[in-house]
Amino acid sequence: MPEWFKDNDVIKMVKDIDNSVVLGTGAIDSPVLGVIAPVTLSGGVKTLILIDKIPDKIFNASNCGDNCAKWLLKIGNRKDITINLRHIMDFGESEFEIMVLNTGVIVHNMGELLSIAGRYV
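In terms of the numbering used here, the sequence shown opens at residue 1397 and continues consecutively.
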């Protein structure tokens, strides 16, 4: 949706993940590709935007690299989200709260996440 590209968090995600600048609702300035349409953004940033803007759906965050982890945590701190993740994403050394739906266990750091999620991915 074009109006999503007026949102400060979306603008920051595009800058952080793709190193690109939102020029307007239909144009992104990419240092690699020049001026592009939003559909040309990376799969990671597009997935983050969908997770943020449509939180009642489950998206495959396996399209996201580790550079998206802090954004998943930030979005999850603001709203309840559920994602599908088929790899161990590095959420960093800080404490966090993630529920692994396969077990219902809530983990608070990478050590706890590895011990549970490692069984499933």
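If you are wondering where the hints come from, they were derived from the structure by calculation, not from laboratory data.
Mixed in with the good hints there might be a few duds.
As the list claims (entries may be wrong) - With a cut-off of at most 20 Å between alpha-carbon atoms, the simulated SDA-like pairs for lysine to any residue come out as follows:
#1 1475 x 1407
#2 1470 x 1406
#3 1475 x 1450
#4 1411 x 1421
Structure-based check of each hint:
Distance check on the hinted pair: residue 1475 and residue 1407 sit about 19 Å apart at the alpha-carbon level, within 20 Å; holds. With a CA separation close to 12 Å, the supplied pair residue 1470 and residue 1406 stays within the 20 Å bound. Straight-line distance between C-alpha atoms of residue 1475 and residue 1450 comes to about 11 Å, which keeps the hinted pair within the 20 Å bound. Under the criterion of a C-alpha separation no larger than 20 Å, the hint pairing residue 1411 with residue 1421 is consistent with the structure, at around 15 Å.
Checked against the numbered hints above, the structure violates none of them.
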